[in-house]
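Chemist: Sequence:
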Amino acid sequence: MNKIFKVIWCKAKAMFVVASELATARGASGGTRVRSGVGRADNEPALSRVALAVSSALSVLSFGLGFAPAAHAQTVMPAIDTSKAPIQNTFWSGGSNQSWLWLVNSDGVPLYPTGSGDNAQPDAVVFSSYYNNTTTAYNLFTAYLNPQWPSSPTLWGLSTVILGDPTLDTGNHANTFVYGGVVSIGNNNTFGGVTARIGTLTNVLAMMGAAVNANNGVGIGAGSTVATGATNGLAMMGATATGVNTVAIGKNANTAVASDVAIGAGAKAAGAAGIGSAVSIGAGNTASGAGAVAIGDPSIANGTGAIAMGFNSIATLDGTATGGTANGAVALGNTAVAAGQGSVSIGNTTTAGNAGSIAIGDGALVGAMATKGIALGSGANASVANSVALGNGSTTTTGANTTSFTIGSTVFSGFAGTTPAIAGVVSVGSVGAERQIQNVAAGQVSATSTDAVNGSQLFSVASVLNAGVVSLSTSVGSMSTSVSSMSTSVSSMSTTVGSMSTSVGSMSTAVSSMSTSVGSMSTAVSSMSTSVSSLSTGLSTTDSTVASLSTSTSTGLSSATSSITSLSTSTSTGLSSTNSSVASLSTSTSTGLSSATSAITSLSTSTSTGIGSLSTGLSSADSSMTSLSTSTSTGLASATSSITSLSTSTSTAIQTAKGHYNSINDNGTQQGNYNNDGATGINALAAGTNASASGASSVAVGDGSHASSDGAVAIGQGASATGGKAVSIGVGNTASGDGAVALGDPNVATGTGAVAMGANNTATGNGAVALGNANIATGVGSLALGNTSTAAADGAVAFGSGAVATNTNDVALGSGSVTATASPTSSATVGTTTYGNFAGTSPTSVVSVGSAGAERQITNVAAGQVTSSSTDAINGSQLYSVASTTVSSITSLSTSTSTGLSSATSSISSLSTGLSSTDSSVASLSTSTSTGLSSATSSITSLSTSTST
Numbered sequence: 001m002n003k004i005f006k007v008i009w010c011k012a013k014a015m016f017v018v019a020s021e022l023a024t025a026r027g028a029s030g031g032t033r034v035r036s037g038v039g040r041a042d043n044e045p046a047l048s049r050v051a052l053a054v055s056s057a058l059s060v061l062s063f064g065l066g067f068a069p070a071a072h073a074q075t076v077m078p079a080i081d082t083s084k085a086p087i088q089n090t091f092w093s094g095g096s097n098q099s100w101l102w103l104v105n106s107d108g109v110p111l112y113p114t115g116s117g118d119n120a121q122p123d124a125v126v127f128s129s130y131y132n133n134t135t136t137a138y139n140l141f142t143a144y145l146n147p148q149w150p151s152s153p154t155l156w157g158l159s160t161v162i163l164g165d166p167t168l169d170t171g172n173h174a175n176t177f178v179y180g181g182v183v184s185i186g187n188n189n190t191f192g193g194v195t196a197r198i199g200t201l202t203n204v205l206a207m208m209g210a211a212v213n214a215n216n217g218v219g220i221g222a223g224s225t226v227a228t229g230a231t232n233g234l235a236m237m238g239a240t241a242t243g244v245n246t247v248a249i250g251k252n253a254n255t256a257v258a259s260d261v262a263i264g265a266g267a268k269a270a271g272a273a274g275i276g277s278a279v280s281i282g283a284g285n286t287a288s289g290a291g292a293v294a295i296g297d298p299s300i301a302n303g304t305g306a307i308a309m310g311f312n313s314i315a316t317l318d319g320t321a322t323g324g325t326a327n328g329a330v331a332l333g334n335t336a337v338a339a340g341q342g343s344v345s346i347g348n349t350t351t352a353g354n355a356g357s358i359a360i361g362d363g364a365l366v367g368a369m370a371t372k373g374i375a376l377g378s379g380a381n382a383s384v385a386n387s388v389a390l391g392n393g394s395t396t397t398t399g400a401n402t403t404s405f406t407i408g409s410t411v412f413s414g415f416a417g418t419t420p421a422i423a424g425v426v427s428v429g430s431v432g433a434e435r436q437i438q439n440v441a442a443g444q445v446s447a448t449s450t451d452a453v454n455g456s457q458l459f460s461v462a463s464v465l466n467a468g469v470v471s472l473s474t475s476v477g478s479m480s481t482s483v484s485s486m487s488t489s490v491s492s493m494s495t496t497v498g499s500m501s502t503s504v505g506s507m508s509t510a511v512s513s514m515s516t517s518v519g520s521m522s523t524a525v526s527s528m529s530t531s532v533s534s535l536s537t538g539l540s541t542t543d544s545t546v547a548s549l550s551t552s553t554s555t556g557l558s559s560a561t562s563s564i565t566s567l568s569t570s571t572s573t574g575l576s577s578t579n580s581s582v583a584s585l586s587t588s589t590s591t592g593l594s595s596a597t598s599a600i601t602s603l604s605t606s607t608s609t610g611i612g613s614l615s616t617g618l619s620s621a622d623s624s625m626t627s628l629s630t631s632t633s634t635g636l637a638s639a640t641s642s643i644t645s646l647s648t649s650t651s652t653a654i655q656t657a658k659g660h661y662n663s664i665n666d667n668g669t670q671q672g673n674y675n676n677d678g679a680t681g682i683n684a685l686a687a688g689t690n691a692s693a694s695g696a697s698s699v700a701v702g703d704g705s706h707a708s709s710d711g712a713v714a715i716g717q718g719a720s721a722t723g724g725k726a727v728s729i730g731v732g733n734t735a736s737g738d739g740a741v742a743l744g745d746p747n748v749a750t751g752t753g754a755v756a757m758g759a760n761n762t763a764t765g766n767g768a769v770a771l772g773n774a775n776i777a778t779g780v781g782s783l784a785l786g787n788t789s790t791a792a793a794d795g796a797v798a799f800g801s802g803a804v805a806t807n808t809n810d811v812a813l814g815s816g817s818v819t820a821t822a823s824p825t826s827s828a829t830v831g832t833t834t835y836g837n838f839a840g841t842s843p844t845s846v847v848s849v850g851s852a853g854a855e856r857q858i859t860n861v862a863a864g865q866v867t868s869s870s871t872d873a874i875n876g877s878q879l880y881s882v883a884s885t886t887v888s889s890i891t892s893l894s895t896s897t898s899t900g901l902s903s904a905t906s907s908i909s910s911l912s913t914g915l916s917s918t919d920s921s922v923a924s925l926s927t928s929t930s931t932g933l934s935s936a937t938s939s940i941t942s943l944s945t946s947t948s949t
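Number 633 in full-length UniProt numbering belongs to position 633 of the sequence shown; there are no gaps in the numbering.
Calculated directly from the structure, the hints in this document are not laboratory data. As the structure is a prediction and not an experimental result, all values here were calculated from the model. Glycine is no exception: its CB is placed at the ideal position from the N, C-alpha and C atoms. Keep in mind that a hint or two might mislead.
[Said to hold, decoys possible] Lysine to aspartate or glutamate pairs mimicking EDC-like chemistry, simulated, CA-CA at most 20 Å apart:
#: 1; residue 1: K725; residue 2: D738
#: 2; residue 1: K251; residue 2: D297
#: 3; residue 1: K725; residue 2: D710
[Claimed, not checked] Pair by pair, the computed Cβ-Cβ distance ranges are:
#: 4; residue 1: S827; residue 2: V431; range: 29 to 39 Å
#: 5; residue 1: A273; residue 2: A368; range: 25 to 35 Å
#: 6; residue 1: S446; residue 2: T398; range: 21 to 31 Å
#: 7; residue 1: I275; residue 2: V431; range: 46 to 56 Å
#: 8; residue 1: G836; residue 2: G324; range: 55 to 65 Å
#: 9; residue 1: G274; residue 2: A400; range: 46 to 56 Å
#: 10; residue 1: P824; residue 2: S463; range: 31 to 41 Å
#: 11; residue 1: G836; residue 2: N334; range: 50 to 60 Å
Using the sequences plus the hints, can you model the full thing?
Modeler: Here you go:
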């Protein structure tokens, strides 16, 4: 019996199979029949041919043109159309060893033999064959090939679907059916360029006027074209797919090379053949270059790996729609422009204007000339090459390559981070809108360090410097005490000079007394003349004796006059000298007076003798007496003149003895203040050549020193203190602000309360402080992302071309910036001084704005807090006021100041001693003069007495 009977649906295998007539259903014996005929499976719905065709076509699309020879486990089986089949369910067997599956040929020619014996199984099952004649079949839209069967036959016509009413030109392709899996839905479709030509294409779907010219190609929609060679290409809605595996969807969308994707009207994707594809999604977008991506409306990306997304975003060489290639450029946002290789522009109307530049934020801008610049933040503007503008409104300016700086005449150099020239600047604000940088870990402090330092580090340094300033202030206080002592000594000298003047007054009184005594002598002589006249009647011979008396009297008076003149000369000579001269004056005066006394005594003796002689022999004396009277009057007049001269000379000598420079050597040339007229202010003191103290209670000590305001102190050559209560100590120092202090050689403090200490420092702002050597403090209160970047660890950020952040949470900010392992810094030693107790000593990461040899400045940094716990960054003006001062300079300043003060104190002590000595000498002068005058008075009195007698 025929053991092969029916074609039935096998649920176990999920397919139609040929079954024996003895077979039972699901193992049952009777009561169940095998449904005959090649019908539909139990409970399977019937589908029309059109629905089946559309479903098949859509399945093809859904599975990406997956026209596999085998289609397993169909969940919805089609109804089989047998209306035109000459032999239904025909199966022809060539014998017991062969089995054949008859396809829908009227002559029963088998398509392909396979299997052997009673257990042979068909190679394929054909469903719903529709044919037109005995030589051609079409609408053969599905078949099943069991992959478990031992052979893998080639079955022509499988997976072929042709729906519609095409005109077929089969040529010599009898029994070949439309091999190759061509699917055409609709009219006027083309295959291989020939209308309805059954050629050698495989697995092709063309719908609605599309043109497919490549195997496995799909074309849907009028004007859609899958170009020759575009295997697996898809073109829809008027697009052109050129290149293997390309997808082009949209009016005039097109692709150029393998795997390109262009979706959207006018979208164009042109990757690099053999290198990489491009993706363009959105109307009018263009992506050119391997890996290029353009998404939006319309955006343009030109270059390997270039990306442009958003509205009118452009990533090209020059930032224009026609610009050249810019590999790796990224433009994201509205009208974002990335011009140049590796440039990044993200945000609204942002522009990264050159290769390697980055602009992120609303309106952020990196200028065309700012090579590899970075602008992060709304309105940030980087206009300088290799620079970073960080934050809203931040701007950059050209950095200053600071290899050294000069304050006054002192040059500071040897800085790290200056060779080669700085790579750029980092700005965190703008002029007038500075920002603080907070949470900065303590940076290393060494001669080669380029770390940022925080406020606590500056606080530590400032504390040490403050201690030095306090010590210096103490020394200055000591000096002020010494100056006060000098003032007291000078006052004492003035008292002494006053005493000397009193003594001179006493001497004048004594001289006046002497003049009175001489007057008495004149009276006595006159009486003598009367007595002599009375002798004229009794003496007959007196001419020779009277002549002798006249001669003796003239000689005596001449001798007295000579002695008085000698006294005047000696006294004048003595009073014009210093202490020793004054002593000599005293001695000479005593000698002169002694001589005068002796001469007067001799005169008295001679006169007495003469009178005795007159008593015995004079007879006439009228003419002789007249001559004697005249001679006596002349001698007395001469004596009076000499005494007057003596008084004048003594007064002049005393005036001279007051002193001029207070023991200061003028090298023999009289200069300003020689006449003690330099101190013009009330209670002022001016000591030294050209010294001037014009302010009330001001002090100017030293050659050319100048103190012009009340309470000002200027000590040292050329020192100037012109501010109220200003202090200027040292050669050439200037303190012109009220309360300003300038100490050292030479410093300038011009602001109110400004302090400049050390050498060549300048403090021009109110309250400004400049300490050390050649510092300047001019302000009020002042003290003197991209190309080839790498972020290789958690939380690391690398911004800029070639920037590398290698550690967790590191930030490398700027082109070429490189981070290194964080270096915890708890203290630092400079010279022999250790600064410690820093805040932020356990850094979790680092921020780098450059690399070794390519450092950047950080600009527009607001002044950070300076406290022991501060982790704020500090700016240049803060560091400027203290960092230039070292431990050695403070030590030197303290030592120099201490030495200077000690020297000043010693000099003042010497001055006091000298004044004391002068005081003593003047006192001695007064005593000597008084003694001498007393003796003279006594002698003159004696003369008067003797004469009277």
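Chemist: For G836 and N334, compare the CB-CB distance with the range 50 to 60 Å and indicate the outcome.
Modeler: The hinted range 50 to 60 Å holds for G836 and N334, with Cβ atoms some 53 Å apart.
Chemist: Measuring from beta carbon to beta carbon, are S827 and V431 in 29 to 39 Å?
Modeler: About 36 Å separates the Cβ atoms of S827 and V431, which means 29 to 39 Å holds.
Chemist: Starting from the range 46 to 56 Å, see whether the pair I275 and V431 falls in it by beta-carbon distance.
Modeler: 49 Å, holds
Chemist: Do the alpha carbons of K725 and D710 lie within 20 Å of each other, as the hint requires?
Modeler: Holds - the C-alpha atoms of D710 and K725 are around 6 Å apart, at most 20 Å.
Chemist: Take a look at whether the Cβ-Cβ distance between P824 and S463 falls inside 31 to 41 Å.
Modeler: Between P824 and S463, where Cβ atoms are some 22 Å apart, the hint is violated.
Chemist: So if I understand the rule, the pair passes when the alpha-carbon distance is 20 Å or less; does K725 with D738 pass?
Modeler: Measuring from Cα to Cα gives roughly 6 Å; hence the hint holds.
Chemist: Within 25 to 35 Å: is that where the Cβ-Cβ distance between A273 and A368 falls?
Modeler: 33 Å, holds
Chemist: Using the Cβ atoms, figure out if G274 sits within 46 to 56 Å of A400.
Modeler: 51 Å, holds
Chemist: Has the hinted range 55 to 65 Å been met by the Cβ atoms of G836 and G324?
Modeler: Given a distance of about 58 Å, which is inside 55 to 65 Å, the answer is holds.
Chemist: Return holds or violated for the Cβ distance of S446 and T398 against the range 21 to 31 Å.
Modeler: 28 Å, holds
Chemist: Is the hinted pair K251 and D297 satisfied, with a Cα-Cα distance of at most 20 Å?
Modeler: With a Cα-Cα distance of about 15 Å, the restraint between K251 and D297 holds, given a limit of 20 Å.
Of the numbered hints stated above, the single one contradicted by the structure is hint 10.
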